[in-house]
Amino acid sequence: MAFLRDLADNPSPFFSLNPTNHVVLGDWNYSYGDLSRSAPSSWLQFISQHFVDCLTPTGGIHQHTFHRGLSSSCIDYIFASPDLVRYKRSSSVVYIQPSWTDHCLLQANFQLPLNLDSPVTGPGLWRAHPGLSKDEAFCDILLFDLKHLIDHFPHGMTVQSKWEEIKRTTKDTALHYSRRKTFDLKQGEALLQRKRGGITRKIAANPQDAPQLLPQLNIVEHQLASIQQYRVDTLALRAGIRWRECGELSAGYLKRTVKQKSRRKNIECLRHPVSSSLCVTNDDMLDAAASFYGSLYSPEPIDQSAVDQLFSSLPPTFGLTEASHCTPMSPPE
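Just so you know, we're using our numbering here: the sequence shown kicks off at 28 and counts up by one.
For the record, the hints were derived by calculation from the structure and aren't laboratory data.
Cβ atoms here follow ideal geometry from the backbone N, Cα and C, with glycine treated the same way.
Possibly wrong hints are sitting among the right ones.
Estimated spans, in silico, between C-beta atoms of each pair [said to hold, decoys possible]:
id, residue 1, residue 2, range
1, Leu-34, Tyr-114, 50 to 56 Å
2, Ser-302, Ser-325, 49 to 55 Å
3, Arg-221, Val-186, 48 to 54 Å
4, Lys-286, Lys-198, 21 to 27 Å
5, Thr-344, Gly-183, 39 to 45 Å
6, Leu-97, Lys-286, 34 to 40 Å
Using the sequences and the hints given, assemble the complete structure.
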């Protein structure tokens, strides 16, 4: 608590008495509803004068953000300065399974003005989730789609074209199934979070109903834990690394690793192969890339004199007879 008192009484260049564009968040280890764990009055006054609670409306009841055993309380907060609050679109308190942490995840979404100079990132390289091979529902759908495709191959279609169509169908099926499953999981998790929030609010308002509501709460939290574990396993695959500490997965570390890999794939500038100028905008970089690959894949004229010189140096025994050269020259079947 001494830290909060010093922070409010001794402002710094990073934390002024009239903050703008500030977000203050974290585990502050104090509760508005528990006088024995209240923050210093100078800090509470400073927060109430210069910040807005992004999670709890004025006069509302704070949701519990900390759970340990049978005890729970609200000790985590997100405060924003008034100039940022007007950009806030939504906020929530998300339950996280207790095997990872005894705190909930606090979220506040802000829609800030767009920076038109920011680079536009493409979709990147798509890879199918390896877990799809063990998903019986996906395997059944893929088998049906491939059978339908193969049964309708036109007569005379080359083997290469058939293989390309099989790959395309497999990718399309995996994309459609993965997107639908991701959407269903997001919808399911949001529904479970709302159910959990409703149950916890009922328990807070009517503690005598806790024995009837706690079994429902345990079921909802178990389902949430299962969905969250699947999402973290997917993050581990996307990050390309599995990092463990005390037998646990760090979701935050995995998210940072995914972002770092994405940043390393971005091209910030290109040297134009013709003008040698440095290209930084998307249009200029596209023009430089098109010029480079256009030159790279454009066929160069054959030097006939070099070909004649090569043939003239070959001994007569290296040549093919009239009968044996027909097979290599015939088109593939």
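Hints and how they fare:
The given range of 50 to 56 Å is broken by Leu-34 and Tyr-114, whose C-beta atoms sit roughly 25 Å from each other. Here the CB-CB span from Ser-302 to Ser-325 is close to 18 Å, at odds with the stated 49 to 55 Å. For the pair Arg-221 and Val-186, the beta carbons lie near 53 Å from each other, so the given range of 48 to 54 Å is met. At about 25 Å, the beta-carbon gap between Lys-286 and Lys-198 stays in the expected band of 21 to 27 Å.
The beta-carbon spacing between Thr-344 and Gly-183, approximately 40 Å, falls within the hinted interval of 39 to 45 Å. Between Leu-97 and Lys-286, the C-beta spacing of about 38 Å keeps the proposed range 34 to 40 Å intact.
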